[in-house]
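Peer 1: Start from the sequences and build out the full structure, keeping to the hints where you can.
There are 2 protein chains.
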Amino acid sequence: MTITQLQYVLAVAEHKNFTLAAQKSFVTQPTLSMQVQKLEDELDILIFDRSKKPITITEVGKKIVNQAKNIVNEANRIQDIVDQEKGFIGGDYTLGIIPTVMPTLLPMFLKTFIKRYPKVNLIIKEQSTENLIKNLQDGHLDAGIAATPLEIEYLKERPLYYEPFVGYVPPGHRLYQQPKLKPEDLDIQDVLLLQDGHCFRDGVINLCKAPRNFQEEHFRLQSGSFETLVNLADEDLGMTLLPYLNTLELDEQKKEKLKYFEAPSPAREVSLIYHKSELKIQITEALRDVILGIVRGAIAFQDVKIVSPLNK
Amino acid sequence: MTITQLQYVLAVAEHKNFTLAAQKSFVTQPTLSMQVQKLEDELDILIFDRSKKPITITEVGKKIVNQAKNIVNEANRIQDIVDQEKGFIGGDYTLGIIPTVMPTLLPMFLKTFIKRYPKVNLIIKEQSTENLIKNLQDGHLDAGIAATPLEIEYLKERPLYYEPFVGYVPPGHRLYQQPKLKPEDLDIQDVLLLQDGHCFRDGVINLCKAPRNFQEEHFRLQSGSFETLVNLADEDLGMTLLPYLNTLELDEQKKEKLKYFEAPSPAREVSLIYHKSELKIQITEALRDVILGIVRGAIAFQDVKIVSPLNK
DNA sequence: CTTAAATAATAAGTTTTATTGATAGTTTTT
DNA sequence: AAAAACTATCAATAAAACTTATTATTTAAG
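Top line first, the protein sequences correspond to chains A and B.
Numbered according to the UniProt record's numbering, the first sequence terminates at residue 312, and the numbering increases by one at each position without gaps.
Numbered according to the UniProt record's numbering, the second sequence terminates at residue 312, and the numbering increases by one at each position without gaps.
Note that these hints are calculated values from the structure, not bench results.
Treat each hint with caution, since some may be false.
A pair holds if it fits inside one copy or across any two, identical chains being indistinguishable in the list.
To be verified - When the alpha-carbon atoms are kept at most 30 Å apart in a straight line, the in silico DSSO-like pairs for lysine-lysine are as follows:
#: 1; residue 1: K119; residue 2: K62
#: 2; residue 1: K86; residue 2: K305
#: 3; residue 1: K156; residue 2: K63
#: 4; residue 1: K259; residue 2: K182
#: 5; residue 1: K134; residue 2: K69
#: 6; residue 1: K62; residue 2: K86
#: 7; residue 1: K38; residue 2: K182
#: 8; residue 1: K180; residue 2: K24
#: 9; residue 1: K276; residue 2: K111
#: 10; residue 1: K24; residue 2: K38
#: 11; residue 1: K254; residue 2: K53
#: 12; residue 1: K111; residue 2: K180
#: 13; residue 1: K53; residue 2: K63
#: 14; residue 1: K38; residue 2: K119
#: 15; residue 1: K86; residue 2: K52
#: 16; residue 1: K62; residue 2: K134
#: 17; residue 1: K134; residue 2: K111
#: 18; residue 1: K86; residue 2: K115
#: 19; residue 1: K16; residue 2: K276
#: 20; residue 1: K86; residue 2: K53
#: 21; residue 1: K276; residue 2: K156
Peer 2: Laid out in structure tokens, this is it:
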């Protein structure tokens, strides 16, 4: 049994296809096939059921694949130990960021980070919390930035900042006269929402504590961008809620329609999340340092109340 | 990096000697030297400091060795998974037993075990609790039988039986007239003890709750066997305490000098202990089943009070 | 039902790697 | 100072991993 063989097994388990797995492993298909077979021979057990298309993993195979993940992870850790010893911060580092955080946060820290750690090849991917979690487990991401708490067994969460929710209320709206918003004022029926899959949407829904199964019949216009929501609100189609950082880039005219919540303001907790195995932890720590340093100035709110980002 | 290389590193770390490590790994010394070098080259860091004799492990080396242990252990687990799947119970299994348990317990279960699991090659080693713990961590033992609780972080303890302490009191002794013993009657100064290193000794000392630093000036005759202690007691040099199972093999004349404790009798907890990683867990479970089945008949005491085996 | 496409297994040959025996270079012990 | 113990290096060999080419098998398409 070799580590390489285990990596091949993992590739096949992931892609359910020897040819593709071989490509991803940068070897030819026979090489991969033979090595997987060799391992199966050595263990005298089948890991994959090749009779079905696409290939399936046998019951024992699943256990072996899990264990193989462990081993390969732990093996990668050795390079990690050496890097840490040398104070080396470099290599590929893949970071996932949720869409509602991406456009505001990324520009704030990216330049500083790549300047301070020029040897790190940062690969940034925008994806939903759901995919983020999956990819962190699979090892396709080294870390993610998402709204928390998620309370996933195998993930660590390190809060970066607390971002208050800010109301965007058009003049015609019933709440326009109020100086401050209160969560209980909100009616889910007239709050414009991001489309399904965005955790900010779920956060807002949780905040509104509306009936779980509210009807959306008369309102199908959901958007993926806050800009759209703001524009819809301006058309008197309802109010909406924005994360604080998104309010900074509004023009003066629109800023007048912002309404803050009474303290403690509802807020989302935005955290750096990564696998408990702490692979590439030095880079993760470096990233955290950079973001914390920059965010400290931008967000000064203290008295907030965290809203869960989960669709419970 | 290969698993083999990591195993070589572990062998060198253990024996502090490339030549010996090579022998233990069943390869020649150049093979092992070259592979270790190759790994060091790949990581671009020195694991061993060869300038000192005997060889020492560098600071990073220590971390790498630890991680290597993990990896090798986790890798062995894969065969384990397969064995479990197949219901296969076999292969080498090394069991350590403390000296005070060995002569009474081993004959009780050995025959049954090798008959029921003929494919297991049982290797039994008598050793002190201290060595048992060390060897379980190093992976030199698959399991051990010792007095518990030990509360070692990386070990699991599964109690096998509770063995009461029984007094052996010669007719001339001040306690001979009493029908039952009480712990508070005991005076550490006239209780004959096993020599240092036996945990039963520590158990008895704990029971006597004598001053921790009692003097042994006038009594240096410590022995490694209960037989000696009994004979010394017969010479009126004091009383002694025996584990219950040891009392079964005394002759009739000696049995008359046995004095049991009042309930709850002090007792030692004898457990099967093994590494938390649960390597070869099927064999361990099989062993436990056999011993439990046999011991159930032999030891029927219920109301006991466990004495710590540790030299606190 | 036949054919084409996709995919895995097999075969033969090549490259790479692991291992060995012999030996040279150290350090430690006597 | 010599012997012993130990590690590194070298050249040769055995083993393995990998490649290209090909075959076999399954799935999808016509």
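Peer 1: Determine for every hint whether it applies to the structure shown.
Peer 2: Structure-based check of each hint:
Taking the shortest alpha-carbon separations for K119 and K62, only the inter-copy value of 27 Å comes in at or below 30 Å, while the best intra-copy value is 37 Å. In the homo-oligomer, the alpha carbons of K86 and K305 never lie at most 30 Å apart, since the shortest distance is 41 Å inside one protomer and 54 Å across protomers. Proximity of K156 and K63 under a CA criterion of 30 Å is satisfied in both settings, with 24 Å inside one chain copy and 22 Å between copies. In the homo-oligomer, the alpha carbons of K259 and K182 lie at most 30 Å apart inside one protomer (10 Å), although the nearest pairing across protomers, at 78 Å, exceeds that limit.
Taking the shortest alpha-carbon separations for K134 and K69, both the intra-copy value of 14 Å and the inter-copy value of 28 Å come in at or below 30 Å. In the homo-oligomer, the alpha carbons of K62 and K86 lie at most 30 Å apart only across protomers (15 Å), although the nearest pairing inside one protomer, at 37 Å, exceeds that limit. Taking the shortest Cα distances, K38 and K182 never come within 30 Å of each other, neither inside one copy (65 Å) nor across copies (65 Å). In this homomeric assembly, K180 and K24 never come within 30 Å of each other (Cα to Cα): the closest approach is 54 Å inside a single copy and 76 Å across copies.
For a Cα distance limit of 30 Å, the shortest separation of K276 from K111 inside one copy, 28 Å, qualifies, whereas the shortest one across copies, 46 Å, does not. Taking the shortest alpha-carbon separations for K24 and K38, both the intra-copy value of 20 Å and the inter-copy value of 26 Å come in at or below 30 Å. In this homomeric assembly, K254 and K53 never come within 30 Å of each other (Cα to Cα): the closest approach is 55 Å inside a single copy and 76 Å across copies. For the homomeric pair K111 and K180, neither the shortest alpha-carbon distance inside one copy (36 Å) nor that between copies (82 Å) is at most 30 Å.
Taking CA atoms no more than 30 Å apart as the test, K53 paired with K63 passes inside one copy only; the shortest distance there is 21 Å, against 44 Å between copies. For the identical chains of this complex, K38 and K119 are inter-copy neighbours only, at 25 Å across copies versus 38 Å inside a copy, given an alpha-carbon limit of 30 Å. Only between protomers do K86 and K52 lie at most 30 Å apart by alpha-carbon distance; the minimum there is 23 Å, versus 48 Å within a single protomer. In this homomeric assembly, K62 and K134 come within 30 Å of each other (Cα to Cα) only inside a single copy, at 17 Å, whereas the closest approach across copies is 33 Å.
Taking identical chains as interchangeable, the C-alpha atoms of K134 and K111 lie at most 30 Å apart only when both belong to the same chain, with a minimum of 28 Å there against 51 Å between chains. In this assembly of identical chains, the alpha carbons of K86 and K115 lie at most 30 Å apart only when taken from the same copy (20 Å versus 55 Å across copies). For the identical chains of this complex, K16 and K276 are intra-copy neighbours only, at 26 Å inside a copy versus 33 Å across copies, given an alpha-carbon limit of 30 Å. Taking the shortest Cα distances, K86 and K53 sit within 30 Å of each other only across copies (26 Å), while inside one copy they are farther apart (47 Å).
In this homomeric assembly, K276 and K156 come within 30 Å of each other (Cα to Cα) both inside a single copy, at 6 Å, and across copies, at 23 Å.
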